[in-house]
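Build the full structure now, drawing on both the sequences and the hints.
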Amino acid sequence: MVKKVIYGNHAVSYGAKDARAEVIAAYPITPQTQVVELLSEFCASGELNAKFIKVESEHSAMAACVGASATGARAFTATSSHGLALMHEMLHWASNARHPVVMANINRAMGPPWNIWTDQNDSIAQRDTGWLQFYCSTNQEVYDTTLMAFKICENDKVLLPGMLSLDAFVLSHTSEVVDMPPQEEIDEFLPPYNAKYKLDLEDPRAFGSLMFPDWYYELKYHQQTSMEEALKVVEKVGKEFGDRFGRHYGLVEEYRIEDAEIILVVSGTIAQTSKEAVDVLRKEGMKVGLVRMRTFRPFPKEKIRKIASKVNKIIVIDRSISFGSEGAFFTETKACLYNEKDRPEIWGVIIGLGGRDVTVEDITKIAKKGKDGKFKINEINWWGVKL
Amino acid sequence: MEEELYEVRFHGRGGQGAVTAATILADAAFREGKDVQAFPIFGVERRGAPVAAFMRMDAKPIDIKTQIYEPDSIVVLDSTLLEVVDVAKGLKENGKIIINSSKNASEFDFGKAKVYTIDATAIAVKHGLGTKTNPIVNTAILGAYSKAVGNVSIEAIEEAINEKAPRKKEENKKAAREAYEKIRGG
Amino acid sequence: MKLTIPEEELMYEGTVDCQGCGASLAMRYALKALGKKTFVVIPACCWSIIAGPFPYSSLQVPLYHTAFETAAIVSSGIKAGLEMKGIDATVMAWAGDGGTFDIGIQALSGVAERNDDILYVCYDNEAYMNTGIQRSSATPFKAWTTTTPRKYPKARPKKDIDEILVAHEVPYVATASVSYPEDFIKKLQKAKEIKGTRFIHVLAPCPTGWRSLPEHTIKLARLAVQTCIFPIYEVENGKYKINIKPKNPKPVDEYLKLQGRFRHLTEKDIKDIQEITIKKWKKLLRKEEFS
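Quick mapping for you: the protein sequence lines, in order, are chains X, Z and U.
Take the first sequence: its letters are residues 1 to 387, numbered as in our numbering.
Take the second sequence: its letters are residues 1 to 186, numbered as in our numbering.
Take the third sequence: its letters are residues 1 to 291, numbered as in our numbering.
Hints are computed from structural coordinates only; laboratory data are not their basis.
Please note that the accuracy of each hint is not assured.
Stated by the list, open to error - No farther apart than 27 angstroms at their CA atoms in a straight line, the calculated lysine-lysine pairs in the BS3-like style are these:
(1) X:K313 x X:K374
(2) X:K196 x U:K36
(3) Z:K132 x X:K4
Here it is, written out as structure tokens:
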């Protein structure tokens, strides 16, 4: 077991190396560059036996991963923000073709104006491309999720691509302690990918041929049922990972929600900071808990319903906005509660766009304002906006 | 003190290695069983321009992922920054400031803060770290930090240098040790 | 009788191409030349249809359909995957002129610059035929298309894609014509043995888009060569070799008049095209001489 103090970006690189990615194709973009720099070194030194295609764009990065995955190879890439946006078409391709490509996305705001700091609009904008989406909140989780993502995505019942997101700078450029298990143990957890469907000289088939309306619809049905299946697989793999390596993961992380009357629903590093806020408020006697959202796609509806059934108030804090609507996690959380008999009150707060720092004090104030019922309902609650 | 969250801010100029200093300090504290974080000021670093970096350590797992606003101590890699940056901003009462300077600590006044000085530039040049015009002082100043603050041992800093210094590991360790011994003030 | 073309057929009969489709013929020859150990990558183009709808395939080799601009890079990805799996085979990108000259040029340039180990074949029918004959940058000067109406035919010359590939210093660039199958097959076989990015540009007449008779496909492809409108040459490691040299180039009019897409040309237009064609041809002769 090796424990190291490393950047979030390097946690991605180590994760891809220890997962034994076979083909890597990537294009540099701030703040992702360290991911590909270290992976280039791993490939050059032979520490990782993989082909690294240094493509001319992110669109090609994803296209190369698609091609590699079609042969049954384990394919990996990393990007951020505008790079992810450029990939959009091929994100659909990877998912519709059922290629379990894994990608790390450094959550960075979209321009213009240029902004290299964190928010989730880049990945949230890709919500309908059919990718599993994981949101990490520590470097350890980044490393662990890279390993788990392959296992989840390559599962026969899933066979979909997966994206893990980490906040620009707050994780990407922050050094933290990361515990990396021995390679043999990782290999046991994550054996080589044995593709059920692949391009094969012995069994030559056409992939992605024109399909008329008489069958296309059914394929979409299967994509959705695979996403639903992924809910179980995420939990199963998270448990297996925990049993092996001591760190358990699920669709969400519940923090001090046992007797909570009000809960915060948060993702990314703000969720980690929110734990500190919950501790502070608990000391003051407030019955508050936290649900840290690890997955956005598939959305853990059942989980949310179960948690919501025991609380009176929910505050969803989003670091993204769907213009003309509201924060993405807020929409999803509300939507899955609509048919419940005893719905808690629910408010949405938008915070920290473009990397504005979110402090413990911000979160404690938000929780208190929610407790006092002072948020607007059916409207966005902007936090700290200068008008 | 050691049981609590402890936060440090580093001031330097782009290219001086402030971020590496924060990372080495974090690595050293980790070697002594602490949970740690090190990060640059989230921005665009340009050579020669003022930069800042941060280090957080705690005996308990650290959850907060915010920037550091009220550091326990401050490390200044370049004394010319004192004229352009409010380096003591947010420093906790009775906090410590470690400055790379050939002057005596008593020549600086930061109110209640305890000031330490070390001629890290001279030490770096002596050990062949960087050039006379562009000395790499980040390892030397960490030796001074170890003595002044006392929550990370010089031995751990030497080990961390071994892990994180890209080259001249021995020279860097010697520089840290020399600064540890020569620091003034407090 | 000694056959100059391999007998093996790796393309099924009964594809859904148009009558007299040059692109279809080109694929038939290509697979004869390359054999069974070939992976084919097809971006959006006429061949997305000709390859057959689900659950059919008109090819007897593995085939991957991909997005319009990605034939080259998806082929590289496949090649990388196959190399990791220890599979030695030819990966052939098979794209139309739109997917090569226009939307696909960025990824193709990336692949060529890195010299990724793929064979790229552009079957050129000189417009977006699959979407209904819109101009591409491969459309010739003065040609009609649905986006360059007769009153305003294409004002710019055909992009010289071959020179663009040559400028990437890839090991092999060649032009070919479906009317010279031996030459085309020889080039494919040669390319198969070369490592790195190999580019073959084959002229594939399109009766539908060229407004020509299906039975004129072979004739037109031959006339394109004999008039020097589409010279047949190869560039191996920078060295030019013109494979078919018409001693007395035929007048371009013979080629143009068989195609409805040039029906509107004035005498002056034809004269201009003649001059441009010969000027370019002479330039090519000099390139051969000096390389």
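Taking the numbered hints from earlier one at a time, note which ones the structure violates and give those numbers from smallest to largest. 3
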